[in-house]
Amino acid sequence: MEAEDIIRQYTTTRNPFRVPDGYFDDFTQRLMQRLPQEAASQTTTPRRARIVSLSPARRLMRYAAAVMVAAACLGSGLYLYNRSASGTDDILTASDYLANDDNLDDMLDYEMLSNNQIAYYLTEAY
Amino acid sequence: MTEWNEQEIVEQLRDERSRSAAFTLLVEHYKEQLYWQIRRMVLVHDDADDILQNTFIKAWTGIDGYRGEARLSTWLFRIASNETLNFLSRRRQMLSLDEEGVSSVAATLQGDPYFDGDETALQLQQAIASLPDKQRQVFNLKYFDEMRYEDMSSMLGTSVGALKASYHHAVKKISNFFANHD
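Here the protein sequences come in this chain order: V and W.
Going by my numbering, the first sequence wraps up at 145, each residue one higher than the last.
Going by my numbering, the second sequence wraps up at 1487, each residue one higher than the last.
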């Protein structure tokens, strides 16, 4: 039996979720009453990007951290290259890695991240 | 004007004099569809209500940025989707949705006066809640709304291939959930 058919056995067409009486009837009016105020408060205070300048000491620390990260990446790369070149260790294949549900979830999550969402997360605005 | 004519609505939304009336029609037209898409993700009515209101408020304040490249429904759905995922992300920072969290879905729904599903419906919601947010969104849109992958792709800005992979993985996990709970 297909996985989808198994789920259909547990699903009815009836929607189990309800809303308070008259919710949809009142919604538009309630919302429209909020709009002018919300629009005014957001349009009168335009956001500006804050420019933060780093002190020379902090800047130096940033550079040092960047160098260390680059060195660590290079070292790890060389180590992995030598290991795979020697052929003594098992290599984790993509299919092995994706056999784990959590890894597959992560991969699918990244795959589905859109530019629109990245922009949204960075600015918290559409 | 009472009939829905998207082109006319777009033109009226661009004109400040007719904007408010056109926006009222927009809200009337999409409120239920958006509500159910949000509700299936957040489960609780009050949360869905907040997110729906925020969605329309963001649409209202960002209306000048709507360039008409996408359909109004696509544009609104993207805002609703971002608002929903953002809400879930914030909520997750407060409580982690692990095994205990999935069980708490059952407790939440059982105590919710606006949920009247039976034991099976409750189990299905538990199974769906165990999925990562974006997979859950894809599952809901495909399984309950029967949305085409192509439409979903333009709404979510994701490739059709990724959506198909995501849906099939979600279906497999939910069927496994039932197999393990029988």
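Accuracy of the hints is not assured; some may be wrong.
Okay, the calculated beta carbon distance ranges per label pair [unchecked claim]:
| hint | chain 1 | residue 1 | chain 2 | residue 2 | range |
| --- | --- | --- | --- | --- | --- |
| 1 | V | R81 | W | H1486 | 46 to 56 Å |
| 2 | W | D1456 | V | N101 | 34 to 44 Å |
| 3 | W | S1464 | V | A83 | 37 to 47 Å |
| 4 | V | D40 | W | D1456 | 28 to 38 Å |
Just so you know, these hints were derived from the structure itself, not from any lab.
Here a beta-carbon is modelled for each residue, glycine too, at the ideal position from N, C-alpha and C.
For each hint, the structure was consulted:
{"no.": "1", "hint": "R81(V) with H1486(W): 46 to 56 Å", "result": "holds, 51 Å"}
{"no.": "2", "hint": "D1456(W) with N101(V): 34 to 44 Å", "result": "violated, 49 Å"}
{"no.": "3", "hint": "S1464(W) with A83(V): 37 to 47 Å", "result": "holds, 40 Å"}
{"no.": "4", "hint": "D40(V) with D1456(W): 28 to 38 Å", "result": "holds, 32 Å"}
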